[in-house]
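Trainee: Read off the chains here:
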Amino acid sequence: AQTIHQWPVAEIKAVGSPLSLGCTIKGKSSPNLYWYWQATGGTLQQLFYSITVGQVESVVQLNLSASRPKDDQFILSTEKLLLSHSGFYLCAWSPWGQDTQYFGPGTRLLVL
Amino acid sequence: SQLAEENLWALSVHEGESVTVNCSYKTSITALQWYRQKSGEGPAQLILIRSNEREKRNGRLRATLDTSSQSSSLSITATRCEDTAVYFCATYNQGKLIFGQGTKLSIKP
Numbered sequence: 001a002q003t004i005h006q007w008p009v010a011e012i013k014a015v016g017s018p019l020s021l022g023c024t025i026k027g028k029s030s031p032n033l034y035w036y037w038q039a040t041g042g043t044l045q046q047l048f049y050s051i052t053v054g055q056v057e058s059v060v061q062l063n064l065s066a067s068r069p070k071d072d073q074f075i076l077s078t079e080k081l082l083l084s085h086s087g088f089y090l091c092a093w094s095p096w097g098q099d100t101q102y103f104g105p106g107t108r109l110l111v112l
Numbered sequence: 113s114q115l116a117e118e119n120l121w122a123l124s125v126h127e128g129e130s131v132t133v134n135c136s137y138k139t140s141i142t143a144l145q146w147y148r149q150k151s152g153e154g155p156a157q158l159i160l161i162r163s164n165e166r167e168k169r170n171g172r173l174r175a176t177l178d179t180s181s182q183s184s185s186l187s188i189t190a191t192r193c194e195d196t197a198v199y200f201c202a203t204y205n206q207g208k209l210i211f212g213q214g215t216k217l218s219i220k221p
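Sequence order for the protein chains is A and B. Under our numbering, the first residue of the first sequence is numbered 1, with each subsequent residue one higher. Under our numbering, the first residue of the second sequence is numbered 113, with each subsequent residue one higher.
For the record, the hints were derived by calculation from the structure and aren't laboratory data. The beta carbon of each residue, even a glycine, is placed where N, CA and C say it ideally should be. Hints should not be assumed to be uniformly reliable.
Facing chain A, from chain B, some residues (calculated, C-beta under 8 Å) [what the hints assert, rightly or not]:
#1 Pro155
#2 Ala156
#3 Cys193
#4 Thr196
#5 Phe200
#6 Lys208
#7 Phe211
Could you build all of it, start to finish, from the sequences and the hints given here?
Mentor: Written out as structure tokens, the structure reads:
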């Protein structure tokens, strides 16, 4: 069975500080990977997707970057946080060629 | 504006009752998905209904799709407290999964 793990569970960070969020998928090789952002009470907005190691496509520009250093790992980062980065960050995966996306438990970020 | 939108921001019913969440979309689709997101968790897919299907069931859940009116509905029968969640419809557009704004469903005991 596939499992998806996100870390950390929650973060409180200062404006201007760096950030790194991680996501690992176990039990599935070569998945498509996605990062989403969700404001409190809002909808999900796709930020990045990756279909293979080393390749990441940006969907929305929010002063964030993403990398896929390993087949099962997806990293979201920024060197300088903004207040608007606060929210719920979700990692998801889908099998190649399939429409269903499977979401992780999320990381809640508060920027002060 | 969203490509897919649920028609109501919030609904509330008593446990055991049935409830329907509606969604409308704006583009031609190959499939529409319904997701449920419980508080503090990631969304989970409930049903995927393809454009050549009119109805699909999953236990107490029933989704319909009307491509002529570009609308879909998700019905839940015999609701339980654990059905309390936000329900999203979602469609693909240019390779991206686009979620609606969501309908917050509260099940009262």
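Trainee: Work down the list of hints and note, for each, if the structure agrees.
Mentor: Against the structure, the hints:
1. The restraint placing proline 155(B) at the interface with chain A holds, with a minimum CB-CB distance near 5 Å, inside the 8 Å limit.
2. Interface restraint check for alanine 156(B): the shortest CB-CB distance to chain A comes to about 7 Å, inside 8 Å, so the restraint holds.
3. At about 21 Å, the closest approach between the beta carbon of cysteine 193(B) and any beta carbon in chain A exceeds 8 Å, and the interface hint on this residue is violated.
4. Taking 8 Å as the C-beta cut-off, the interface hint given for threonine 196(B) is violated, the closest approach to chain A being about 15 Å.
5. For the restraint placing phenylalanine 200(B) at the interface with chain A, the shortest Cβ-Cβ distance is roughly 7 Å, inside the 8 Å limit, so the hint holds.
6. The closest approach between the C-beta of lysine 208(B) and any C-beta of chain A is roughly 5 Å, which is under the 8 Å cut-off, so the hint is satisfied.
7. Hint status for phenylalanine 211(B) relative to chain A: holds, with the closest Cβ pair at about 5 Å, below 8 Å.
In summary, the structure is inconsistent with hints 3 and 4 from the numbered list given earlier, while agreeing with the others.
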